[in-house]
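Novice: Those protein sequences? They're chains A and B, same order as listed.
Heads up, the first sequence is in this note's numbering, so the first residue is 1 and it goes up one at a time.
Heads up, the second sequence is in this note's numbering, so the first residue is 1 and it goes up one at a time.
Bear in mind the hints are in silico, worked out from the structure with no lab data behind them.
Predicted model, so just to flag it, every value in this text is computed and none were measured.
Among the hints, a few may not be true.
Using 25 Å as the maximum straight-line C-alpha spacing, the simulated BS3-like pairs for lysine-lysine come out as follows [stated by the list, open to error]:
# : chain 1 : residue 1 : chain 2 : residue 2
1 : A       : K68       : A       : K97
2 : A       : K97       : A       : K71
3 : A       : K120      : A       : K18
4 : A       : K68       : B       : K334
5 : B       : K125      : B       : K6
6 : B       : K25       : A       : K71
So, partial list: chain B residues that the calculated Cβ filter (under 7 Å) puts toward chain A [said to hold, decoys possible]:
# : residue
7 : Y224
8 : A226
9 : G339
Idealized CB from N, CA, C, for every residue including glycine.
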Amino acid sequence: MEKPFTTDSYREFLESGKIMASRCRGCGELHLPPRPICSKCGGRSMEWVEIGGRGTLEAFTVIHVPPKRMKGRHPYATGIVRLEEGPRISGLIPDIKRGEDVRIGAAVEAFIVREEGGAKICFRLV
Amino acid sequence: MGLFRKVAVIGAGMTRFHNRIHSGKGGRDLFVEAVLEAVDSVDNGFDMREAEAIFVGNYSSDCFEGQGHTAALMADWLGLNPRPSIRIEDACASSGVAINMAALAIASGAYEVVIVGGFEKMTGKETEEATEILAMAADSLYEVPVGFTFPGLYAAMATAYFDRYGSTWEELAAISIKNHRNGALNEKAHFQSDIMETARRLGERHNMTFRDELDFLRSPLNPYVAYPLRLFDCCPISDGASALILASGDVARRYTDTPIYIHGLGQASDTFSLHTREELTELRATRVAASQAYKMAGVSPRDVDVADVHDCFTIAEVLATEDLGFFPKGQGGKAAVEGRTSIDGERPVNPDGGLKAKGHPVGATGAAMAYEMFKQLRGEAGRRQVEGAEVGLAHNVGASGATVTVQVFGR
Numbered sequence: 001m002e003k004p005f006t007t008d009s010y011r012e013f014l015e016s017g018k019i020m021a022s023r024c025r026g027c028g029e030l031h032l033p034p035r036p037i038c039s040k041c042g043g044r045s046m047e048w049v050e051i052g053g054r055g056t057l058e059a060f061t062v063i064h065v066p067p068k069r070m071k072g073r074h075p076y077a078t079g080i081v082r083l084e085e086g087p088r089i090s091g092l093i094p095d096i097k098r099g100e101d102v103r104i105g106a107a108v109e110a111f112i113v114r115e116e117g118g119a120k121i122c123f124r125l126v
Numbered sequence: 001m002g003l004f005r006k007v008a009v010i011g012a013g014m015t016r017f018h019n020r021i022h023s024g025k026g027g028r029d030l031f032v033e034a035v036l037e038a039v040d041s042v043d044n045g046f047d048m049r050e051a052e053a054i055f056v057g058n059y060s061s062d063c064f065e066g067q068g069h070t071a072a073l074m075a076d077w078l079g080l081n082p083r084p085s086i087r088i089e090d091a092c093a094s095s096g097v098a099i100n101m102a103a104l105a106i107a108s109g110a111y112e113v114v115i116v117g118g119f120e121k122m123t124g125k126e127t128e129e130a131t132e133i134l135a136m137a138a139d140s141l142y143e144v145p146v147g148f149t150f151p152g153l154y155a156a157m158a159t160a161y162f163d164r165y166g167s168t169w170e171e172l173a174a175i176s177i178k179n180h181r182n183g184a185l186n187e188k189a190h191f192q193s194d195i196m197e198t199a200r201r202l203g204e205r206h207n208m209t210f211r212d213e214l215d216f217l218r219s220p221l222n223p224y225v226a227y228p229l230r231l232f233d234c235c236p237i238s239d240g241a242s243a244l245i246l247a248s249g250d251v252a253r254r255y256t257d258t259p260i261y262i263h264g265l266g267q268a269s270d271t272f273s274l275h276t277r278e279e280l281t282e283l284r285a286t287r288v289a290a291s292q293a294y295k296m297a298g299v300s301p302r303d304v305d306v307a308d309v310h311d312c313f314t315i316a317e318v319l320a321t322e323d324l325g326f327f328p329k330g331q332g333g334k335a336a337v338e339g340r341t342s343i344d345g346e347r348p349v350n351p352d353g354g355l356k357a358k359g360h361p362v363g364a365t366g367a368a369m370a371y372e373m374f375k376q377l378r379g380e381a382g383r384r385q386v387e388g389a390e391v392g393l394a395h396n397v398g399a400s401g402a403t404v405t406v407q408v409f410g411r
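Given these sequences and hints, build the entire structure.
Specialist: Below, the structure is given as structure tokens:
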């Protein structure tokens, strides 16, 4: 029985170390995070696809004024990565502390950090 | 799409936007203050009880003040029970959407006169907590947990924009310099000093002097909030409220000889998360909402004499002036550097100081933009008046662009 295409399923996959997208069986569009209704064609039949985690940095920032939950961990970088499979996703880039130390177009790979409050996607430069 | 009948603004009011002067007031006090000013601004007099409904834009009085259900609260505090009162929450576009909904309610024939406005009481929380509350308008599952903040999302757009168009932070600084210069001409603005005056004042405190605006803006007194955005690229956290009295075209002239008509309006949505957007260097919802509003009003971007655009961050004004069709993509920042968007330029943008200098009590912002257009198009904008302005535009963005409203105003 296939897991339902919900945030909970996505979170469970992430906890087990997998980044899973949903692919529309109608038009083939890949959705990350997974969603139950295809935003391209309106289709409602999906299948799970595992994402490798390698990609290219398309946008980033280095946060100097953090929200309360990230206090003490700043400055840290966070960015938007275009994955090899096509979709983009946001992820923390914890090793980067200065905007000058990274550039758009950099090759990155994902790793998953499990912490209180859930697993999160992070990236490192490769 | 067109409106079934005309809708006009017949009165407008707003509190000053500020982080300290309203410290003893709650949201209800601010909203009442703005509505009373709007009521008193109606040329031929207006009895508030003629209003048939109230539309209230508010983002998060729940988190900021521990107060929900604020539409009914405002109706009660205005003494307007049992009239219907509707709260609209669309992040920073709350009162932009409220104006559209109020206008549609009048155009439908349901009402002749309504009150619409917005408020936000933000300063009861520390900056970190306010940052967290504002971040709730981003994706709390897929953006916030990986460290994004609001400044962070716009900063990410800035890095993508710089990379794509080869532009630099200095272009963003030009927006900040212009909007602070304009804010100095606006008695309702949060900040009423230009960048050099601010540089002198802060410099004295730190025993530093500055050659010019850029010298100051590159200094440690303008620290990074979210690289590449620094403090003076970001709007402040402010308290405030704004309100308009809207009337049908059928009755507007009973109240004033100079109604300001909403000739066109538009609204669009886009992907909730920034990472899912088709493009990171434009707000598609701005383009869609603007094209609806232009079409309804029968105007083109060239016809707009004055505009208030959503500059929550300097990069947002660059994107807005491009996506609204004022300048080609990649040219929005250069237009500000060249003075083309200054009050005496060819396309004045944010003559009131914008969110950057006027302040951004989020729920109040959309209606405060309409307030500015009401003043500008009636020739009542004082020292910041754009000479001969006949067509005005207000552009209000929710969060990183998932909601956008545009209104085109005219005499």
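Novice: Taken at face value, is the distance from the CA of K71/A to the CA of K97/A at most 25 Å?
Specialist: holds (14 Å)
Novice: Given the hint that K68/A pairs with K97/A, test it: the Cα-Cα distance must not exceed 25 Å.
Specialist: Cα-Cα ~18 Å, so holds.
Novice: Does K334/B lie within 25 Å of K68/A when you go C-alpha to C-alpha?
Specialist: violated (36 Å)
Novice: Assess, step by step, whether the Cα of K120/A is no farther than 25 Å from the Cα of K18/A, and give holds or violated.
Specialist: Roughly 11 Å separates the two Cα atoms, so the pair holds.
Novice: Given Y224/B as an interface hint, is the shortest Cβ-Cβ distance to chain A below 7 Å?
Specialist: Status holds, d = 4 Å.
Novice: With a cut-off of 25 Å on the C-alpha distance, tell me whether K25/B and K71/A pass.
Specialist: violated (29 Å)
Novice: Against chain A, run the beta carbon of G339/B and see if the smallest gap drops under 7 Å.
Specialist: With a minimum Cβ separation of about 29 Å from chain A (threshold 7 Å), the hint on G339/B is violated.
Novice: Quick one, is the A226/B hint okay against chain A at 7 Å, beta carbons?
Specialist: holds (5 Å)
Novice: Do the alpha carbons of K125/B and K6/B lie within 25 Å of each other, as the hint requires?
Specialist: Not OK: K125/B and K6/B at ~41 Å, beyond 25 Å, violated.
Violated hints for the displayed structure, listed by number in ascending order: 4, 5, 6 and 9.
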